[in-house]
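Trainee: The lines below spell out each chain.
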Amino acid sequence: MSRADIIFLLPHLMLTLGAVLVMMAIAVRRNHFAVYVLTCLTLIVALYFLPKTASLPHNVGVLFVVDGLGVFNTMIIMLAALAVALMSYAYFDTREERTGEYYMLFILATFGACIMVISGHFVSFFLGLEILSVSLYGMIAYLRKRERSDEAGIKYLILAAFSSAFLLFGMALIYAATGDMTFEGLSGYFSAFDELPILVMTGVGLVVVGAGFKLSVVPFHMWTPDVYEGAPAPVAAFISTISKGATMVLLVRFFLAIDGFRFPVVLTIFTVISIASMVVGNILALRQQNVKRILAYSSIAHFGYLLVAFIAADELGVEAVNFYLVAYFATMLGAFGVVTVLSHPERDAELLDDYRGLLWSRPALATVFVVTLLSLAGIPLTAGFVAKFYLLASGISTNQWLLVILLVVNSIVGLFYYIRIVAVMFDSAEEREARPAGYVGNFATLLILVVLLVWFGVSPQGLIDVIRNLVGVG
Amino acid sequence: MNTDLLIFFTSGAVAIVATILVITQYNMIHALLYLIVSFLALAVVFYVLGAPFAAALEVIVYAGAIVVLIIFVIMMLNLKKDAEEQEKSWLTPSVWIGPGILCAILMAEILYVLLAGGFEGNATQAVGAREVGRSLYGPYLIAVELSGLLLMAGTIGAYHLGRQRRKVIHRFLEMTDE
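Going line by line, the protein sequences match chains S and Y. Residue numbers for the first sequence follow the numbering used here, so the first one is 1 and each next one is one higher. Residue numbers for the second sequence follow the numbering used here, so the first one is 1 and each next one is one higher.
Treat the hints with care, as some may be off.
[What the hints assert, rightly or not] Here are the computed lysine to any residue pairs in the SDA-like style, where the Cα-Cα straight-line distance is at most 25 Å:
1. 155/S x 283/S
2. 155/S x 95/S
3. 155/S x 161/Y
4. 52/S x 452/S
5. 155/S x 27/Y
6. 155/S x 31/Y
7. 155/S x 20/Y
Don't read these hints as lab results, they were simulated from the structure. This structure is a prediction, so every number in the text was calculated from the model and none was measured.
Using the sequences and the accompanying hints, generate a full structural model.
Mentor: Set out below in structure tokens:
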């Protein structure tokens with residue numbers, strides 16, 4: 001490893017350093033606040049050391065490609081992780097006396113996601129994914145005294161292990177056919193094919209199964225609502241944003257490298273997955289009474305929408321994917337942030353009844369939730385609208401008319417269940433038990449997220465320019 | 001069909017049969033015996049494919065260290081009186097005859113290879129310890145470090161989840177006690 005390589009990997013090195021420091025801190029003395037501050041500092045320092053744009057792209061050995069796409073998404077992931085960390089403090093402060101391990105797993109999971117977005121090799125792809133999954137097993141089942149946490153943990157453990165097996169087998173088949181595991185080398189082999197050989201096609205299909213599990217697109221979505229329901233609210237926020245976003249970026253990088261959408265069979269697979277995710281996600285959400293499960297189904301539908309831009313796979317499509325991820329991250333973090341703030345020590349605020357009359361009892365919090373729900377639904381003046389508009393633009397520019405029409409129809413169906421939550425919050429107030437006191441970190445995070453949502457919704461040009469500059473470099 | 005392929009397919013079949021039996025056994029010890037056979041068969045597969053170092057590691061690390069560790073844990077969990085009789089029942093002929101037959105097949109293969117004076121396998125080149133070491137500590141150095149972090153995540157998660165669950169007294173029972 002040369003000196004330059006180390007400089008380009010500094011954010012990742014800082015994260016590993018942070019994980020080790022947290023471990024040492026726990027060994028000396030267990031103090032929740034100290035560990036929490038250390039975690040936030042780690043993320044801030046790692047953000048500070050992000051490589052400068054002018055020096056991109058840079059290859060670190062064969063394993064990593066530090067380019068604009070990678071750096072931009074590393075930044076987004078770390079910022080999202082910071083938001084989740086700020087929410088976690090208030091959440092775990094009232095619940096579990098042993099909190100140190102959570103932050104170690106949390107930093108490691110973030111590290112795994114950051115490795116995924118810059119990996120240009122099957123080995124780093126797989127190791128990053130596994131670091132993320134293995135940390136998540138512990139985080140999902142962290143509150144062991146709760147009824148559903150073991151169920152969620154075991155479900156995620158078995159299914160994630162199973163999907164990893166698919167992924168590995170797919171990689172092995174592609175390697176067997178081409179003899180190369182770097183994305184760069186594979187792009188050369190794939191450009192020689194006019195049609196995919198059956199061995200490579202099977203390999204690509206198995207990789208899609210493995211990644212599809214992490215993205216929780218239909219038909220690999222069955223675990224999502226159960227795990228979101230059983231996991232602590234901040235962890236559910238982590239899974240729905242960072243884990244999915246990192247996988248999406250990796251898929252974009254892989255399919256751009258092999259130019260996968262040249263092959264009709266790949267196009268068909270992703271079109272079917274996209275349509276199925278939009279339709280199934282929205283229909284299953286319609287009759288849900290549980291807010292965490294609604295958010296889970298909504299995230300399934302959103303990745304169906306996102307695949308429309310992914311299938312476009314041109315410059316506009318990649319921009320749209322990045323913009324959508326930013327808007328989706330901010331929205332989901334805001335929604336789960338509200339769930340976190342409202343949660344009682346014994347159980348999360350997941351029932352629709354927990355939100356009845358919220359607008360009258362806690363107007364500020366309700367406003368935040370309304371903004372995030374409207375953004376999820378894609379109402380104008382929120383980031384969700386611009387993001388969806390971007391998706392439509394990229395879909396239309398590549399003539400994916402079926403997908404575009406279904407996207408619009410499904411957005412309308414989606415409105416129904418988002419508005420239903422809003423309607424419940426407008427209901428007349430009733431006497432409620434006292435809610436847990438708020439923490440400054442929570443409210444600051446929620447405030448920033450809402451400001452961002454509205455800002456990106458009203459004037460998205462700044463963010464679009466940043467994305468265009470960075471992604472254009474790569 | 002040449003003998004290399006025959007050996008490859010035989011040991012591959014043994015690995016598949018043994019692994020299916022691992023999953024279908026109800027008794028942990030029975031499953032473990034088949035697991036060992038499965039690892040040994042995989043080692044032969046590696047050897048035939050031209051990776052003698054990986055084959056040796058498969059035997060030493062998986063069949064040796066890891067399975068022995070699992071057996072230790074199971075034995076330590078069963079320290080009661082009836083455990084002794086249970087352990088006796090674990091090693092009746094009906095238990096070891098299945099793994100024994102599968103091992104005998106692998107043994108026959110090894111004997112054949114030894115008597116034939118060794119063979120090169122059907123790989124274009126053998127990957128020995130030197131090549132494995134070179135690539136692990138050359139281009140894949142960071143991958144080795146990543147595996148370290150992966151193990152760290154696994155250890156911390158297992159440590160947290162494996163801690164003894166605190167006894168939760170039901171609130172109604174608590175009330176009757178008072």
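Trainee: Are the Cα atoms of residue 155/S and residue 27/Y separated by 25 Å or less?
Mentor: OK: residue 155/S and residue 27/Y at ~23 Å, within 25 Å.
Trainee: Is residue 155/S close enough to residue 95/S, meaning Cα to Cα at most 25 Å?
Mentor: Judged against 25 Å, a Cα distance of about 23 Å means the pair holds.
Trainee: Does the alpha-carbon distance linking residue 155/S and residue 20/Y stay inside the 25 Å limit?
Mentor: holds (22 Å)
Trainee: Holds or violated: residue 155/S and residue 31/Y, Cα atoms, limit 25 Å.
Mentor: holds (22 Å)
Trainee: Do the alpha carbons of residue 155/S and residue 283/S lie within 25 Å of each other, as the hint requires?
Mentor: holds (23 Å)
Trainee: If you draw a straight line from the CA of residue 52/S to the CA of residue 452/S, is it 25 Å or shorter?
Mentor: The hint holds at about 24 Å.
Trainee: Holds or violated: residue 155/S and residue 161/Y, Cα atoms, limit 25 Å.
Mentor: Holds, at roughly 15 Å.
Checked against the numbered hints given earlier, this structure breaks none of them.
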